[in-house]
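Novice: Below, each chain spelled out in residue letters.
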Amino acid sequence: GDSVTQMEGPVTLSEEAFLTINCTYTATGYPSLFWYVQYPGEGLQLLLKATKADDKGSNKGFEATYRKETTSFHLEKGSVQVSDSAVYFCALSVGGTSYGKLTFGQGTILTVHP
Amino acid sequence: EADIYQTPRYLVIGTGKKITLECSQTMGHDKMYWYQQDPGMELHLIHYSYGVNSTEKGDLSSESTVSRIRTEHFPLTLESARPSHTSQYLCASSGYRDTGELFFGEGSRLTVL
Numbered sequence: 530g531d532s533v534t535q536m537e538g539p540v541t542l543s544e545e546a547f548l549t550i551n552c553t554y555t556a557t558g559y560p561s562l563f564w565y566v567q568y569p570g571e572g573l574q575l576l577l578k579a580t581k582a583d584d585k586g587s588n589k590g591f592e593a594t595y596r597k598e599t600t601s602f603h604l605e606k607g608s609v610q611v612s613d614s615a616v617y618f619c620a621l622s623v624g625g626t627s628y629g630k631l632t633f634g635q636g637t638i639l640t641v642h643p
Numbered sequence: 702e703a704d705i706y707q708t709p710r711y712l713v714i715g716t717g718k719k720i721t722l723e724c725s726q727t728m729g730h731d732k733m734y735w736y737q738q739d740p741g742m743e744l745h746l747i748h749y750s751y752g753v754n755s756t757e758k759g760d761l762s763s764e765s766t767v768s769r770i771r772t773e774h775f776p777l778t779l780e781s782a783r784p785s786h787t788s789q790y791l792c793a794s795s796g797y798r799d800t801g802e803l804f805f806g807e808g809s810r811l812t813v814l
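Chains as they are written, first to last, in this note's numbering: chain U, 530 to 643; chain L, 702 to 814.
Hints may be right or wrong, so weigh each one.
Stated by the list, open to error - Residues from chain L shown here face chain U by an in silico Cβ test under 10 Å; the list is partial: (1) Y734; (2) L744; (3) H745; (4) C792.
Stated by the list, open to error - So, partial list: chain L residues that the calculated Cβ filter (under 10 Å) puts toward chain U: (5) Y749; (6) T766; (7) P784; (8) E802; (9) F805.
Said to hold, decoys possible - Here are the computed lysine-lysine pairs in the DSSO-like style, where the Cα-Cα straight-line distance is at most 27 Å: (10) K630(U) to K585(U); (11) K606(U) to K585(U); (12) K630(U) to K758(L); (13) K719(L) to K581(U); (14) K585(U) to K719(L); (15) K581(U) to K630(U); (16) K719(L) to K732(L); (17) K581(U) to K606(U); (18) K589(U) to K630(U).
Just so you know, the hints here were simulated from the structure itself, not pulled from any lab data.
By construction, the Cβ of each residue, glycine as well, lies at the ideal position given by its N, Cα and C atoms.
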């Protein structure tokens, strides 16, 4: 079946540090890939997405590139802020009638210190 | 800004009680979903609906049931709650255009004693 594996956390960084959160996937067909973020006490919200190989999703300084050859969708940010502290989820959707049925990774807690 | 609401946000009940978690959205979305988020944060799809009178079980088996009588409303019911049902339940919806974006509510955290 489809699955998503994220790097184990939690991740703790100082402000302005570089962030990478690794994500790899297994899927039948050609999935769309997503990063969702969950801030404390809130629901999940879409951070960025990519729908085909070599696409780069970006938002709020975060980027991720859909790498079909390595089945990866790593999240990066060049300079993190305290306000980026949250839980980050990588997810995929295989499309068609299954579109919207997301398979999530296990989540990575990010804590950024001043 | 997403307009999807869940009530109650927090609920503590005893074993054997019947509970209903409410979920409503004002975006006119056809598709709605319930995810269970375990203490380790992992999310599992337990129910989904692609429209009125359409409901399906998700990837994770659940003793809960759902109904979709109105487009905007997708409640989840547990007939007899047990401690194993203690979890966070997240409701989500998505629109007709299938951009892949889900809009999530803030969640209902259920504790069964």
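Novice: Hint check: is the beta carbon of P784(L) less than 10 Å from a beta carbon of chain U?
Specialist: For P784(L), the interface hint is violated, since the closest Cβ of chain U sits about 23 Å away, which is over 10 Å.
Novice: For K606(U) and K585(U), compute the direct alpha-carbon distance and say whether it is at most 27 Å.
Specialist: 13 Å, holds
Novice: With 10 Å as the cut and Cβ atoms as the points, is Y749(L) at the interface with chain U?
Specialist: Since the shortest Cβ distance to chain U is 6 Å, the answer is holds.
Novice: Are the Cα atoms of K630(U) and K758(L) separated by 27 Å or less?
Specialist: This hinted pair holds, its Cα atoms lying about 11 Å apart.
Novice: Keeping to a limit of 27 Å between CA atoms, is the pair of K719(L) and K732(L) held or broken?
Specialist: 26 Å, holds
Novice: Quick one, is the L744(L) hint okay against chain U at 10 Å, beta carbons?
Specialist: Hint on L744(L): holds, closest Cβ of chain U at ~4 Å, below 10 Å.
Novice: Between the alpha carbons of K585(U) and K719(L), is the straight-line distance 27 Å or under?
Specialist: 46 Å, violated
Novice: For the pair supplied as a hint, K630(U) and K585(U), is the alpha-carbon distance within the 27 Å limit?
Specialist: Holds - the C-alpha atoms of K585(U) and K630(U) are around 22 Å apart, at most 27 Å.
Novice: With a cut-off of 10 Å, does the beta carbon of F805(L) approach a beta carbon of chain U closely enough for the hint to hold?
Specialist: F805(L) check passes; min Cβ-Cβ to chain U is 4 Å, inside 10 Å.
Novice: Starting from K581(U), check that the Cα of K630(U) is at most 27 Å away, please.
Specialist: Measuring from Cα to Cα gives roughly 17 Å; hence the hint holds.
Novice: Take the shortest C-beta to C-beta distance between C792(L) and chain U; is it under 10 Å?
Specialist: Status holds, d = 8 Å.
Novice: Any CB of chain U closer than 10 Å to the CB of Y734(L)?
Specialist: 7 Å, holds
Violated hints, in rising order: 6, 7, 13, 14; the structure is consistent with all others.
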